[in-house]
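**Q** All chains should be modelled from the sequences, with the hints used to inform the complete structure.
Protein chains in written order, with our numbering: chain A, 500 to 989; chain B, 5 to 348.
Please note: incorrect hints may appear among the correct ones.
[Claimed, not checked] With a straight-line cut-off of 30 Å between C-alpha atoms, the simulated BS3-like cross-links for lysine-lysine are: (1) B:Lys278 - A:Lys887; (2) A:Lys684 - B:Lys278; (3) A:Lys887 - B:Lys275.
[As the list claims (entries may be wrong)] Label pairs and their in silico Cβ distance ranges: (4) B:Lys32 - A:Val935: 49 to 59 Å; (5) A:Gly909 - B:Lys275: 27 to 37 Å; (6) A:Ile913 - B:Val23: 22 to 32 Å; (7) A:Gly909 - B:Gly126: 32 to 42 Å; (8) A:Gly797 - B:Lys275: 49 to 59 Å; (9) A:Leu816 - B:Leu15: 44 to 54 Å; (10) B:Asn276 - A:Gly797: 31 to 41 Å; (11) B:Thr281 - A:Phe890: 35 to 45 Å.
What the hints contain is simulated information worked out from the structure, not anything from laboratory work. Yeah, the Cβ is synthetic: ideal placement off N, Cα and C, and Gly gets one too.
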Amino acid sequence: MLFSSPRFLIFLAITLIGLAVIGPNQWRKRFLALASCFFYAAWDWRFLGLLLLISVIDYVAAAKIDEGKSTAVRRKWLLLSIVSNLGVLGYFKYANFFIENFNHFASSFGVAVPAAHILLPAGISFYTFKTMSYTIDVYRGSLGRVTSWIDYVTFITFFPELIAGPIVRGSVFLPQMSREIGPTKERLATGGSMFVLGLCKKLLIADRMAIVADPVFASPELFGTAAIWSAVIAYTIQIYCDFSGYSDMAIGTARMIGYDLPENFRMPYLSRDISEFWTRWHITLSSWLKDYLYIPLGGNRRGELLTYRNLFITMLLGGLWHGASWNFVLWGGLHGSALAANKLWRKQRGRGVQLPSLISWAVTLLFVMLTWVPFRATSTADTVFILKSLFGAGSGHFGDVSVWAPICVGICVIAHALGIAISSARWARGDLMNRVLNFVGFGIDSHPISGQYLFPNRISIVGMYIACMILLSIVFFAPLKTNPFIYFQF
Amino acid sequence: MKCVLTVAGKLIAAVGLAVLSWAFVAGKIVNYPTVRHPFLGRIPEPGAHFVWRIEGNGSGTWTSNGLRSATFNRPGRRLLLLGDSFAEGLQVKDNEHFGQLIGEHFAERGSDWQTGTAGKSGYSTADYVAKADMFRELYRPNWVMIVVRDGDFGSDAWRKRLAGYAHFETNSVEKLIARDLPYADAGMSAWASDRARPVLPLFLLVANRTEVIHGWLRDNEQPWFRADRDPAILEGGEDLTRYPVDREMELLRGSYPARLTLVYLPGFDPKNLKDRTTNEILLEEAARRAGIEFLSLRGRYHELEQAGHFPYGFSNTRVNEGHLNRYGHAALANLILRHVEEGR
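**A** Here it is, written out as structure tokens:
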């Protein structure tokens, strides 16, 4: 069930109504867990069992870790949790990748292993990271284990973030378990606003940009430099609006139910260097990688060279997490190298070497755009071809450029400008932006988990008019071809 | 209660303002005023300016009797161009339309040939057969060229059951006939076209989007929505071996005593321009057996590929999908002109 489909809207409505009418909170949590299992089973019921199996393993492991008297015993159970999660992830996601690469080298010796027919369970990359973080946090002592099985199942199966994140840690979600869940006027207003915002990003911008990018990435050899630049810019916008739109819809849905999910994007394309980019893009993944991979590798505590090594390895594996393809490994490696280079650069900056903000922003954005090429391209050969074509060395000559690319660039620029204005308005009460927002019927607030958000604070004609225009824009302008969310494939 | 009324009042005001705003926006996107023709049903209003920016950036005017780019206004031979939405060409301007390009070419060379395009969205071979007498009487053509695609001999010709359109069926003695359903002048677009011109664009936009949303719901298989999905198309395109194409061609041949040519529009694959599809081969051979000339736009695809232009698709839709763009119309005009001038 895609979040942007009528089927999901009906499912969500039924879930919210159920939560509203069911009395005791414990029964609401049971209902929510059941609804989440139904949501997951709607993708493919065969993998519901796998999700529940992983959940049971980690529940038991965390219990044993908590009860364990010796470090050896506790470590054994932690190892069981990590091995089973990574084992499942490795089998379903990477088995054929390794077989393919093995065959590539072994074929010259006349050896070949047949490829396995493995379906990738939806959300496996996300929920294995979620459950692993739970057991690791219990092991580290930073989180107490959950004693209520219902609370645990609700946490593991929570449908808004089950398939494509944000990656929610136990330390963020489990303390909310004592909360009374269910829709209230305030939750519906704030959550609904975020949901609609995410829907706009997905249907009006991301899907529109997919129309521009998809034909070029499918057959780059046909297209000239202008069309390829247009497609790369379009994909840069598409992946941001698709993924952040999905995250907004997930956070909004969770808010309507009564839980808060962590912020996942913070205007990443405004970053002035690559380190800043990774504090703004897919925040839950980058913080997960930092806490559970980079720091255990040693972080920056073992000297300069090892710091660069740790950054590179973390991002390399982070790239591989996205998909079983050398393109993703390349993407991760490029970002890892850039992070290492940035760390070195910052040391130089400390010695008085500076770049104007505008130039460092432009260089960062250009780097991010160019690295989206291996992320999106269907093969390494296509990656090389597209990068060459961007700088005039390609051979294609179909040159039709879509009118939607510059329009969506303009929309994104205006949206970012508004975002900056709203962010500064948050801290400057009574200024023009606050007055405008109040006139329209919106307020802004900051949540410790979900970050800044807009919410309707009164019923105004202008606010309702804007809402009607947005909904009618979706009805009249959304391309409405079935485009799953990009991160659903991970 | 007062609070509810206040909220309801605000909501009504907001919705009303939004609808008015969209009526204004819609006017910039689409405007297609129509009138009722005694024989053709709803046709573009003669002389009125139409705008079509849902797909492409079309604009122009129609002349009388539902003809676009018509020069049937002097003595001489008449070339009638029939077809469906691809021939109608709402997506391009008048001076980009293949019919006008052909007519201008003839006029420049002082030829006695005149052209008129009577394409209408939704037409199929069944319509060209069922309405042949009417077309002959209205336009008195010396030569008829029909722009066709696979569906014109397949699902479009057999499965459509819309007022004003024809479909093929076999009668009680297994004879193939084209049954024309009477035109019913109904619907919001017709009402708005006759009485409420300022909101016509909004009605047209709503009608267009309703069709798009209907298709999306059908394709997404919503549990409460089951549409009649043609298995022939679902399996990856029209399979014309399932239809009695030879008998359709014979009916078509018999309907037009004048010279008759089919102009086929194949899909454009830049990586494989030359290979003809099964449907294309089947249609060409059936046309030849029936004594109908057969042209294919594939003959111009090499030039389009060399120039780096897709014949289908627009900058505001998907590349290489949808209707003919201005490059496609130019290529179609060139194909037809070459055929006419070579006298084949």
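**Q** Can you list which hints this structure breaks, lowest number first?
**A** Going through the list in order, the structure violates hints 2, 4 and 10 and respects the others.
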